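S.K.: Take a look at the letters that make up each chain.
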Amino acid sequence: AQKVTQAQTEISVVEKEDVTLDCVYETRDTTYYLFWYKQPPSGELVFLIRRNSFDEQNEISGRYSWNFQKSTSSFNFTITASQVVDSAVYFCALSEEKSNTGKLIFGQGTTLQVKP
Amino acid sequence: DAGVIQSPRHEVTEMGQEVTLRCKPISGHNSLFWYRQTMMRGLELLIYFNNNVPIDDSGMPEDRFSAKMPNASFSTLKIQPSEPRDSAVYFCASSPGTAPGNTIYFGEGSWLTVV
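In order, the protein sequences belong to chains A and B.
Numbering-wise, our numbering puts 89 at position 96 of the first sequence, and it's gapless, one number per residue.
Offset between the second sequence (1-based) and our numbering: plus 86.
Incorrect hints may appear among the rest.
[To be verified] Below, a list of computed lysine-lysine pairs in the DSSO-like style, where the Cα atoms sit at most 30 Å apart: (1) A:Lys31 <-> A:Lys63; (2) A:Lys9 <-> A:Lys91; (3) B:Lys154 <-> A:Lys91; (4) B:Lys110 <-> B:Lys154; (5) B:Lys164 <-> A:Lys(-4); (6) A:Lys91 <-> A:Lys(-4); (7) A:Lys63 <-> B:Lys154; (8) A:Lys108 <-> A:Lys91; (9) A:Lys31 <-> B:Lys110; (10) B:Lys154 <-> A:Lys(-4); (11) B:Lys154 <-> A:Lys9; (12) B:Lys164 <-> B:Lys154; (13) A:Lys31 <-> A:Lys(-4); (14) A:Lys(-4) <-> A:Lys63; (15) A:Lys31 <-> B:Lys154; (16) B:Lys110 <-> B:Lys164; (17) A:Lys31 <-> A:Lys108.
[Stated by the list, open to error] Reference listing, derived: stretches of chain B covered by chain A, where coverage requires no fewer than 3 residues with Cβ under 8 Å from a Cβ of chain A: (18) 106 to 118; (19) 157 to 167; (20) 191 to 200.
The set of hints was computed from the structure by calculation and includes no laboratory data.
All values reported here derive from a predicted model rather than from experimental measurement.
We put the CB at the ideal spot given by N, CA and C, even for glycine.
So here's chain A without its partners, still in its complex pose (with noise of 0.2 Å):
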């Protein structure tokens, strides 16, 4: 069955420190795509990035670097110099192939405070 998940409920960093957040994925199809949102206070989801199952090359997009590794189904996200700003609730999700749908399953989400 497929499931997503985010062991780390909430954490909370001092600016200018470095953060991961952690995902783990499960799931029987050979093709999948892998998703971060962004959910700040005001609430709205915010695309982050989409990777898909073949591309196991780490990203990174200014302060925000991603880490796909399919030996231990992992997508982690990391944070360099966190900021104020990064604080928000971050949602790893993941879109099965066999689906058919695009539908996202996703995990709980992990509450990330940076303190000034």
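Based on the hints, put chain B in the right spot on chain A.
M.R.: Chain B only, in chain A's frame:
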């Protein structure tokens, strides 16, 4: 470019009243999703439309919930009669194409409180 537009942003209603949530997907997107977010259950898919046709409504909680998509630029989610346990944030989302793996873009959500 306009994103997914939802209305109302906030609604407070009394138990038993009808609630209608509205959504305008991103122009050109032909997949539309309604998700619900609660503290207990997190984000869960309610219904998925493709080319205005409901494809998967297995997440719709019960008969009190109904969703329509009369055309490519408009969808509604209706709750009748509403109950306090329906209090949640309801997100509409859209994506281009029908293939799995397409990025799904979310609206700002409709925050519903049923008292």
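S.K.: Give me the numbers of the hints this structure contradicts, sorted from smallest to largest.
M.R.: 2, 7, 8, 11, 18, 19
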